[in-house]
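Work out the full structure: start from the sequences and follow the hints.
Here are the chains, one letter per residue:
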Amino acid sequence: MNSLFRLRLGATALTLTALLLGTAACGGTTRDNAGGSQASGAANPDAPIKEGLKIAFLPKQVNNPYFTTADNGGKEAVTEVKGEFKEVGPSEASASSQVSYINTLSQQGMDVIVTSANDPNAICGALNQAKAAGAKIVTFDSDTKPECRQVFVNQVTAQGIAENQVKLISEQIGGEGEIAILSATANATNQNAWIALMKEELKKPEYGKVKLVTVAYGNDDDQKSFQEMQGLLQAYPNLKGVISPTTVGVAAAARYLSGSQYKGKVKLTGLGTPNQMREYVKDGTVDAFALWNPADLGYLAAYAGAALASGQISGAEGDRFTAGRLGEFTVGKDGVVVLGPPTVFDKSNIDKFNF
Amino acid sequence: MSHDTLTPAPPVAGRQSGRLAGFGTALGSWDAAIVAGLVAAVLVASAAVPNFATGRNAQFLLLDLVPLALLALPMTLIIVTGEIDLSVASMVGLCSSLMGQLWLSSGLSLELICVLVVLLGALLGAVNGVFVTGFGLPSLAVTIGTLALYRGLSFVVLGDQAVADFPADWTAAVVRPIPGTSIPVMVVPVLLLALVFGVVLHATPAGRALYAMGNNSEAATFAGVSVARTKFWLFVASGAVCGLAGLFWTLRYASARGDNATGLELTVVTAVLLGGVSIFGGRGRLLGVVAGVLLLGVVRNALQLADVDANALTIVTGTLLIASVVLPNAVRDIRARLHRRRQHTRVTAP
Amino acid sequence: MSPDAGTITSPPLLVLDDIAKSFGAVAALRGVHLELHPGEAHALVGENGAGKSTLVKILAGAHAPDSGRITLDGEPLLLRGPADARAAGIAVIYQEPTLFPDLTVAENIFMGRQPLRSLRRVDIREMNRAAEQLFARLGVRIDPARPARGLSIADQQLVEIAKAISFDARVLVMDEPTAALSGVEVERLFGVARSLCARGAAVLFISHRFDEVFDLCQRLTVLRDGAWVSSDPTADLTVGEVVRRMVGRDVDSLFPKQDTVRRDTLLEVRGLSRAGVFSDVSFHVRGGEIVALAGLVGAGRSEVARAIFGIDPYDTGEVRVAGRVLPAGSAAKAIGAGLALVPEDRRQQGLVMELSVERNATLVRRGALARLGLLFGGAERAEARQWTRRLRVKTSRLTAAVGTLSGGNQQKVVLAKWLATRPRVLIVDEPTRGIDVGTKSEVHRLLSELAGEGMGILMISSELPEVLGMADRVLVMHEGRLVRELSRDEADETSVMFAATGQGATA
Amino acid sequence: MSRTDTSVADRPTGVPSPAASRSGRGLTERLLAVRELSLLLALGALILVTTLYNDRFLGSQSIKDLLLGCAILVILAAGQTLVIVTRNVDLSVGSILGLVAFATGELFLAAPGTPWPVALVTGVVLGAVCGAVNGGLIAVAKVPALVITLGTLYAFRGVDYYWAAGQQINAADMPRSFLRLGNQTLFGVPVLFLVALVVVAVAGFYLRSYRSGRELYAIGSEPAAARLSGIPVGRRVFAVFVASGALAGLAGVLYAARFGTLDAAAGTGLELQVVAAAVVGGVAIFGGSGSVYGAALGAVLLTTIGSSLAVLRIDPFWQQAVVGALILAAIGLDRVLAIRTAARLRGRSAHVA
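Chains as they are written, first to last, in our numbering: chain A, 1 to 355; chain B, 356 to 705; chain C, 706 to 1212; chain D, 1213 to 1565.
Fair warning: there could be bad hints in the mix.
[Unchecked claim] Calculated lysine-lysine pairs in the BS3-like style (CA-CA distance at most 27 Å, straight line): (1) A:167 x A:131; (2) A:282 x A:203; (3) A:263 x D:1276; (4) A:265 x D:1276.
[What the hints assert, rightly or not] Pairwise CB distance ranges, derived in the manner of DEER restraints: (5) A:189 x D:1268: 31 to 37 Å; (6) D:1525 x C:1077: 56 to 62 Å; (7) B:485 x A:261: 47 to 53 Å; (8) D:1246 x C:1028: 50 to 56 Å; (9) B:485 x D:1525: 30 to 36 Å.
By construction, these hints were calculated from the structure, which means they are not laboratory data.
Given the structure is predicted, the values throughout are model-derived calculations rather than measurements.
Beta carbons are placed, not taken as given, at the ideal position from N, Cα and C, and that holds for glycine.
Structure below.
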């Protein structure tokens, strides 16, 4: 009885301590947006690429084939510039473990950290610390807040994706009918940007008869995407086409379609890798889909990093650098470098690609 | 036979004595072993892994361990009583996303939100507690249920968005080192809490009751311990600490998300068992657990710095967990066997 | 039964030779020798802790002996586990039923030996039928298809017996099987045992009830402190002789209750009822007196004690301690009011075996010993030392796990734990069960002294001599009701027994 | 001696009425049937509501999808039931499934001509080996399976990741005959589901009608008593883990056949759903009772909930919350039923004190 009382007292005291700790920091803070500032030094476009740069790739997770391909492209580039390549990363796509890896990398004195963010904000603090420790930060595929990195290598402009995807589906369904989008997770920055732009794109007169009915989220999980696809087709009997701008989603959706009565009747396009989709293109489930080459993406990101570390660019708008076999690139607004328009794969060309 | 009332022990009474004594010693030394292991790990890592023994690395390492250390504290007490709380990581996630949602849409001050979040944590823990003690259900099953329930709710609360615009002075405050050192400020409250939990466990009447009920809840009941209510408050404390961990997590990563801290429960249980707490309840010390948390952190950090594959880290974690339960038992078995053999030879020797 | 009872002519069926078994540092058995002949019912007696149960476990294959030989039909027998014992035809009825609560009664009986039909499937119908037959043989009716969960102790014991006789055992070991059984059931069990003997099997019968021992068995082996004492035909023995061999001395001066001054009523129980367990129990205990609560096992005595102490709830009624009503359902409040309960089952309820002597002795006092809510070892150690000295607990260190102590010393720790709370009323449930004779008389002396100091003592005991020797008044319970109250002068074996078996009117 | 138990004397033996005795016949079985029936009812209600919302939910395609979707979970739940019945738990099934699925893909990559039955057997054997690791460690350490399988949950997944190293295996890498196995139907029923049905039927039949199957219940019901009645507890528990591993292996192969695209993350987090399916299906988490059929129904129910939510366009995030709530409801319901049954059984005991 005594002990129970004490325990309860203890629990209460504990909670109070907790509250005090929570409140001690400062008083009366309410929601108020704080802006970040971005500093960029002067760049010397003629500076040679330094040799022996330590360039580390930190993908969202190391077990994702897409990132394995991208990182291999990065490795190719790093070898070309005679740097030291390293790939590390968490086995699950979580921001917290990425932070731990960023810290490790900055401890190890990396010259360049090339990363794809699991969360645009969560890894910012660690990246800023790494920057302060002298590392150059390049993001690819998924960006962080602009002030946390010097350069973001975008696979394609959001506008480009949106135009491409809407055009593909419209062609396939014959310019009219209901469509749906099967996305990844709803907080995936790139997905949301693309979807917003697709909606804009659909307002154009030539797509007047194409109607977007819903956006579903498959969480970039194969089974979940599969189920969501199934749900979409049941919930919307008049559905003519589906856009799935994520490699996991489009493969799951294609697999569902190929084994269902909707095969060939409901059109599917999206962003997928040729290896995953070959099967379904050949059996007629999918007419055409698109993607950039992830190896090129990694390759470009590595070159951007090397250029940053060598002082060729600073990440300011207008900086220019040469990325090996891909040629010359210009840094755009907010330090964004764009790889280029996506490649469309169909029956005719799919066998030329292997990734 | 004489009238000596203090008869020497009749044989059967000591039925388990050998095993018990052996077990006790094995665990007593486990406590020391884990601390020794920690020291050894730090020494080896300092010597062999570049960049390990630096102030900055210590800061990173300790910061990474804050949520783990927080959750391990109430988990230790809960496991000592023979229960388990697998929902801790989900409670952290739900607290985090609620914090995000409140910050996003309620217009309340962050201070008030923090208070609410910790209270919410306590409430979530109370739900666990009611199911376990009120309805008498096994905590393993209950908290597997709430593991799913709370994680699901944390996605429901915030959907898939991330709330990130917490004030910079707050987010900076939680990662700041103590001036003049490289030890994060957050280590101080964690140590204070560890001290509180340590004192409760080892130096209060309640702590005595926890060990008693972990070993034999019936005997504890007969000694006037309110087993159910004590356990209930432990689950509440666990929830409240999860609320705290949720606050820290959100501010440290400046990001409130539904999937925060996913899967952390396994690491917490690993650390606690590694610290020498018996999964059967009734045994273990908080010092061992703190050492276990640090050991886990040091090993992971050192392997990471040594560029060991993340996948190998997964294997190491699993192996550590298995080793931490298999080794003491194996040691105990071997001792018992040796003892028996000695006895045997004594008995059968001509 | 067998014509040549007592004189053994046939070669032994089962021989245990020079068996030794230790647990840790404690020798449970040393140099035990036992021969069982075909057709013989053999009694094994000894005090609690003499090593009988260990011997049973060895025969059952549950424990491996450290040394010694077992031979069956002259062939060495190696028991690596219970399965081996079974295969050798050794059936064991344990003291405590070991049933599977989730399985049906029939399955409990035939587990591992279920009758089969085509495709080696279990034939459930046949199994139920066979179980019914077994019960018919025992003369009881238990539904074979119901789950074992919820069976009364007696029914559980009957299922155990049915299990043991279901395979034609060559050796039947019965470890106090009759404790929970009624006379009719005991007679039927003996009938079955005799028919087994008649078919050439051997029965090893362990019991504290000498009437049963002498009724059933032809020979009798005495164990003391893990060692073999004697094996003789029962015809050559008297009860007094057997007891002398068991305890190693005369047993007369065991119960030194002195007369004391009766003081105020300390514990008053009025109309206490709990559905299906006990009903309308009323009594009081005054300072300075020892009130015994007697009755058969299962009469509801311990349940009343548990309810008074707040372990179990009760439906109606009231408990007053020193005149003030005690709220129901809280042991902590009962302790606060000055009650103490030394429970029936020392291992499960009385002590936390894994914790140290010191922690056990001060477990109830943990709150009172704390300074500013904190406990640092010192106060507990001092308290534990004081009380263990006073009760002369023999332990190497106070930090030793209490499980390493002997039964008697364990019981002393339980007493120390409760006396340390300086209770007004001490409830002791089977205070001397399973402890050696020396400690037993010590406990009795202690209880007497405590009563002398003015404490009220409620003693639950199944040992009639203890009840008669110690109690100022005897309350007798039968099937959940308090049926008789006997003064010290009225109470004798007959009157208590009559009341306990529900034949109270004739006392 | 001075020790005479007072309970020697006679006392009347209560004899239950024949009627009471008959009514008790098969009580355990009827209770189980009640559980399975209520699951079926819940399932029916769910399907009804969803169909009312959208009548396509009961279309042949949709039913086929449902059956296909639940097959793998059903197989795993059957294996898990074997384990839980013995008062153990196997948390490593998701990792074993992932490892075996990837190994199957690797097998086809390494030896493209491998006939699918060989792959099937290889997968089952690999799963059994993983299960043997679990079983062996549990036997050696005498530690709750929860802890050991929590460890191997990491370890097997780690091995899987390590092996895969970010590699992905695609449908094109596997023979068509194998992939067809994953989506083919027989009389309109997916082959996968038929496999699951066979597994459930065999496991259920085994648990119900074979001595060693009954011994599993005995072990879970009262391990100490099981040891005393000569049941080889260690061996049975070991076997059960091997069986659970083998079934997880089978599920892994089928996963590969069904999904075609494989990386090392296959089956992550599945263990929770499997345990949930078993618990929802009435398998007592502390062993001794429950049936494979119930667990299978639990798995079907969980899968159907997933599909229904998608059809009803309910935020998929609710799904996890619903699963959690369902687990709590199921164990709570079990508790209530157990208390009521116990009270009834006590009332019918032949000897009431």
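To see whether the hints hold, each was checked on the structure:
1. For the suggested pair residue 167 (chain A) and residue 131 (chain A), the alpha carbons sit about 41 Å apart, so the restraint of at most 27 Å is broken.
2. For a cut-off of 27 Å, the pair hint linking residue 282 (chain A) to residue 203 (chain A) is broken: about 33 Å separates their Cα positions.
3. Restraint check for residue 263 (chain A) and residue 1276 (chain D): satisfied, since their Cα atoms lie roughly 15 Å apart, inside the 27 Å limit.
4. In summary, the hint linking residue 265 (chain A) to residue 1276 (chain D) is supported, as the alpha carbons are separated by about 18 Å, within the 27 Å threshold.
5. Checked against the hint of 31 to 37 Å, the pair residue 189 (chain A) and residue 1268 (chain D) passes, with Cβ atoms roughly 34 Å apart.
6. Checked against the given bound of 56 to 62 Å, the beta carbons of residue 1525 (chain D) and residue 1077 (chain C), roughly 60 Å apart, stay inside it.
7. For residue 485 (chain B) and residue 261 (chain A), the hinted distance range of 47 to 53 Å is satisfied, since their beta carbons lie about 48 Å from each other.
8. A beta carbon spacing of about 52 Å between residue 1246 (chain D) and residue 1028 (chain C) agrees with the range 50 to 56 Å that was offered as a hint.
9. Judged by the Cβ atoms, the range 30 to 36 Å given for residue 485 (chain B) and residue 1525 (chain D) holds: they are separated by roughly 33 Å.
Hints 1 and 2 from the list above are not met by this structure, while the remaining hints are.
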